[in-house]
Structure formats: C-alpha cells, structure tokens
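**Student:** Position chain B relative to chain A; hints supplied.
Chains as they are written, first to last, in the numbering used here: chain A, 27 to 117; chain B, 467 to 714.
Bear in mind the hints are in silico, worked out from the structure with no lab data behind them. Warning: the hint list may mix true and false statements.
Said to hold, decoys possible - In the DSBU-like style, the derived pairs of lysine-lysine whose C-alpha atoms are separated by at most 30 Å in a straight line are:
| hint | chain 1 | residue 1 | chain 2 | residue 2 |
| --- | --- | --- | --- | --- |
| 1 | B | K695 | B | K479 |
| 2 | B | K611 | B | K479 |
| 3 | A | K35 | B | K700 |
| 4 | A | K35 | B | K695 |
| 5 | B | K694 | B | K611 |
| 6 | B | K559 | B | K611 |
| 7 | B | K694 | A | K35 |
| 8 | B | K479 | B | K559 |
| 9 | B | K611 | B | K700 |
Claimed, not checked - Some chain B residues close to chain A (C-beta under 7 Å, calculated; not the full set):
| hint | residue |
| --- | --- |
| 10 | H541 |
| 11 | V545 |
| 12 | A593 |
| 13 | P594 |
| 14 | Y619 |
Even for Gly, the Cβ is constructed at its ideal location relative to N, Cα and C.
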Amino acid sequence: MAVTFEMTKRLAEMAGLSRCVEVGDGRTLGEALQSLSNRLREAGANTLLQNGDLHPSILVVVDGEARSAHDRDLPLAGGETIDLLLPIAGG
Amino acid sequence: MTVATSDRHRRQKLLPWLDEAGQERLYGATVLIARVGGLGGPLTQSLAMAGVGRIIFFHDGELLDEDLHRMVLMHPDGVGRPRAAQAEASLRKLGRPGIEVRGIDARIRPEDAARWMREADLAIGAAPTYEERLILNDAAIAAGKPFVDAAMYDDEATLLCVHPDDGACLRCLVPDPPEWRADFPVLAAVSAAIGSLAAYQCVRILARSEPVPWGEWIHLDVERMAMKKTRLQKRPGCPSCGQRGRAK
Chain A
27 MAVTFEMTKR LAEMAGLSRC VEVGDGRTLG EALQSLSNRL REAGANTLLQ
77 NGDLHPSILV VVDGEARSAH DRDLPLAGGE TIDLLLPIAG G
Chain B
467 MTVATSDRHR RQKLLPWLDE AGQERLYGAT VLIARVGGLG GPLTQSLAMA
517 GVGRIIFFHD GELLDEDLHR MVLMHPDGVG RPRAAQAEAS LRKLGRPGIE
567 VRGIDARIRP EDAARWMREA DLAIGAAPTY EERLILNDAA IAAGKPFVDA
617 AMYDDEATLL CVHPDDGACL RCLVPDPPEW RADFPVLAAV SAAIGSLAAY
667 QCVRILARSE PVPWGEWIHL DVERMAMKKT RLQKRPGCPS CGQRGRAK
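The following block holds chain B by itself, in its conformation from the complex:
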C-alpha cells in the first residue's frame, strides 16, 4: 500500500500562524535536545510528527523497566538495551519520510553542544539535571540561537524560552546547579503535559511565528490547575547571556 505523505500536515497548516511558509521552515529545521525521556520523549514525538526535518538528541544509558511508565519512545522489548537507539527508531517511524534522526548514547558535554549548535536552529533542554540544561543554555546563547528549557517535579512543571539576543536566560535564574536534588517523582501525564507545551513553543520558534513568551518563566501547578508567568530579571554579570554578541 502506498502511503500518501504530501497531505500529512494539511490540518496543521490550517493554523493561521503556521501556514505553508511556516511548515516549510519546520521541514528544514534542525533541533538539538538533551534527553528524550518522560518529558523529552513526548516533546520530540510532537516535533517529529509536526514535520521537523532533523532531530539530534543525547540520551545515555540502558532502558529500565521503571522507565516504561513515562518514556513514550521506548518499548518493553528494549529493557536492558540503549535508550538512544530505541528513541531514534521510534522518531524515524513517526516523522515524515526523509526525517533525519541522530540519537547519541551519551550525556551531553559543553563541546558536544558547541559542535551541534553550529548546525541546529534551536536547543532544547529536557534533562533531569541542571548541568545538561545549563550546557545547552550556554551553547545556544553563544551560537546566537534560541533555547527552550522544560522541567518537572511531581505535580509541578516549568518552561522557559530564551531569546538568542535579548532578555534573561536559565543561568540568570540558576547561576550554578543547586544542591537540591532528588529522585524525582513523576507521572507521565505531567511530564507529557509540559513536554507538549514545550513542543508548542518550539514549533512557534521554528516557524518564526510570534508571540513566544521570551524570558518569561512559566510555572505550572497541575494539582491546582494554575499557571504563573513571570518575566525574569537579567542577572547582572551573567556569564552566559551577559556575553551575548561578543563572540559573533
């Protein structure tokens, strides 16, 4: 059976803010993301289905049975095998023909981020560690590219879109990885919810369709069904966004 793909995105092109031109931008876009687990999995799933042309991701380790309750790109048959290869295969199946997916079985390092940000249009932080998210924040700003950061814990989730040229960044909020760490409690419904909201902002950014809540920290309290949006202050002397433009 021949599967017609030419009309796959017809319904989303009905969105007035996306249209044909925006869709073409998605087809030609490259994203770099840290982790494709409970949050990054639904996020990249949405991007692949929306037609993003190239997805580069870093995710280390082998799949555990306890991952399966939230990691939508993984499969029970893959327990004990590398997560990256499974997520790569899932994204290839979900994307349009010709989608390029590269899953790297490693935790992202500053040199990796700098290398891939030369090709990427957008960096996305979906990792459970501040270290990985800050690496992407710094690399995106240094490359003059936007960065979307998303995180969750229990019933809470946060989202931040960092403009390449203006406003506060993640390091303004978290200058250094804080000491408060924990084995985070997670329900897939919550990680997928913030992953989907982050994907929406990624599509907006890649399609170059404002408004995007640049520099506004969005806090979602799922238990109370409440959302707060706060414009962050730039931290004086921020070693990341305070250096904007100097390396260009």
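Isolated chain A (complex conformation):
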C-alpha cells in the first residue's frame, strides 16, 4: 500500500530527496512514517530525526489535518499523499 509524502522545498533540500517520496509500507501512519524515517537515515538527514523518528517539529498533515505521534495507529487506505511541512526561520 504505497503512500506518497510531499515535502516543502526547504525540507526536501535538507533531506537530500525529491519533494515527493513514495514509500511502500503504509497500512498505518506510524508504518509510513517509519519507512520515511528509514529513507531519511539512509540519506544522512539525521537533523530531521529525533530518537529514530521524524523530528516532532515537522508537521505531518493527512487530508488537511495535522497529526502527531499519538496518531501512529491511524489507518491508511493507500494512495494517500501526506504533506510534511517544516517550520522555517528567516525574516
């Protein structure tokens, strides 16, 4: 059940990945995020991880709704696009 993550431009730059990343394992949000975390680790994007998981300040948005670590069991139907938004700092 493939799930696509769509990252903001800055996040994709920091990850060293393209803005759209498809992962194969995604029966739940937690599984999909774990697959993405593995891809980030392989890409050497360790600043985007915390204790092996996606950094908690990266906003995970499913169907327009913000999700958190408490939503790991959220079932995914497959084919979803999950937005990942990175807080930025600049003025």
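**Tutor:** Quick look at chain B alone, frame taken from chain A:
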C-alpha cells in the same frame, strides 16, 4: 504647506470590517515586535501607515550594505549605523502625526518581552531566530495577549496567529529551537509578501474584526503560488499555552 491628516485613513475606513470604530482602535493600539528587517520592515510600515498609534520594536546591530536589498525602513546613507534608529525615523515619517515609535537597539530577551507586553495589545514575531519568536510567543500568552508569528526562507513563508486564550501556539509546533539553521536566502518580494499578509492579520486583530485564522499554520509556497492552511494540534503539556490562565 499644511498637510491635512484628518482624512488620511478615509479609504481604508470604507472597508466594512474596519470602519470608524476599528480605525479608532488602531489609533489607540500598541504593538511589540521583534525585528524590523526584510519581513518586519514591510509589516511595521503597513501598521504605521494604517494608523497604529504606538510601535515598540527590538532590532540590534548596524546596517550592512547587504541588508539594503530587502530592508525597506533603512537607507543607503545609514550603512554602518544602528538599524534601530533608522527604522524608528522611517516609521515616524510614515505614521500619522503623534505616532509613538520606540526602537530598541538590542535583541529581545524574556524580561524585555514581559515588561513591554504589559502595555502592548499585540506581539509580533518577525525575527530570523526561533529564540526571539518563542520569547514573544511565551510573553504574549502569559500576558493574555495575541501573538502573530511570521517567517520566510527562500520561496517559502509561514504565518501563525496565536489566540491569547485558546488553541495551539508556536511552542506547540516548535517546543525548542531546532538545530536546522542557515544563512537564509531571501528575495525582498517574498519577505515583503509575508510581512504584508501578517500586517493584514495584525490589523484584523487590533480592530477586533474576525475572522482571524487563530491556531492555523499558514504555509505559502511562492514558487508554486500555493497556500496550505493547517489547524495545529495543541501539544500536551506545552509549557507555554498549557499554562494559560494560571498566572492571571
């Protein structure tokens, strides 16, 4: 030549959501802002021109030539001199007669924010560091006042309006300043765009004219001309908004 000022805001008072009462609130309002550079400059410029009565800002350091491509309140003659004094003079010229502007040549600290939030109606974060933005977030919530946060990087910009009594705050999203920092790339068109959008929300808040997107994180992708609006979740045990009401 006598410059008539009584009708200066006539055209904006035609806005049904602003009107005479809202304009009077702007005249009597005080805002506290961290930084008046590429983002905060256009933002405070808009507020001064809209008639906000009192602007207190913190901005440290001397003007660099490389600031001039985006900092609209600065002037090439001022390179090497403190930014705060130049921005203060620019805002005085732009505001209505009697506008009070106080520019403080320093980086805001928690004790500064707490002191000025006793007088301010609204806190505004336009700084390039998470530290300054979180200081204002915390001080505004502790004082029971609203907070508007804006930031940009390259072609992206974000905006968050934090309600004094309800919903998520900036610290729910960013509990601690993250490690990812960089010498941010910036085009004035982008920093000014988000500064203007933030100014619009500030005017709405000061005029007490809903709707305001409280607790919704707005992400603007200028390259794609796309905007996403996401309601943030309150972080359980947030040390900032989780303490709401306890100090009142």
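**Student:** Indicate, hint by hint, whether the structure satisfies it.
**Tutor:** Status of each hint after checking the structure:
1. Of the pairs offered as hints, the one joining K695 of chain B and K479 of chain B holds, with about 28 Å between alpha carbons and a cut-off of 30 Å not exceeded.
2. This hinted pair checks out: K611 of chain B and K479 of chain B have alpha carbons roughly 25 Å apart, not beyond 30 Å.
3. Straight-line distance between C-alpha atoms of K35 of chain A and K700 of chain B comes to about 25 Å, which keeps the hinted pair within the 30 Å bound.
4. For the proposed pair K35 of chain A and K695 of chain B, the alpha carbon gap of about 17 Å is at most 30 Å, so the pair holds.
5. Straight-line distance between C-alpha atoms of K694 of chain B and K611 of chain B comes to about 26 Å, which keeps the hinted pair within the 30 Å bound.
6. For the hint pairing K559 of chain B with K611 of chain B, the CA-to-CA distance comes to about 28 Å; that is within 30 Å, so the pair holds.
7. A hinted pair counts as satisfied when its Cα atoms are at most 30 Å apart, and K694 of chain B with K35 of chain A qualifies at roughly 14 Å.
8. At roughly 21 Å between alpha-carbon atoms, K479 of chain B and K559 of chain B fall within 30 Å of each other, so this suggested pair holds.
9. Only pairs whose Cα atoms come within 30 Å are accepted, and K611 of chain B paired with K700 of chain B is accepted, the gap being roughly 18 Å.
10. Given hint, H541 of chain B at the interface with chain A, is violated; its Cβ is 19 Å from that chain's nearest Cβ, farther than 7 Å.
11. Against a cut-off of 7 Å between C-beta atoms, the interface hint on V545 of chain B is violated, since the closest Cβ of chain A lies about 20 Å away.
12. Nearest Cβ of chain A to the Cβ of A593 of chain B: about 6 Å, under the 7 Å cut. The hint holds.
13. Because the smallest distance between the Cβ of P594 of chain B and any Cβ of chain A comes to about 4 Å, under 7 Å, the interface hint for this residue holds.
14. Hint on Y619 of chain B holds. Least Cβ distance to chain A is approximately 4 Å, under the 7 Å limit.
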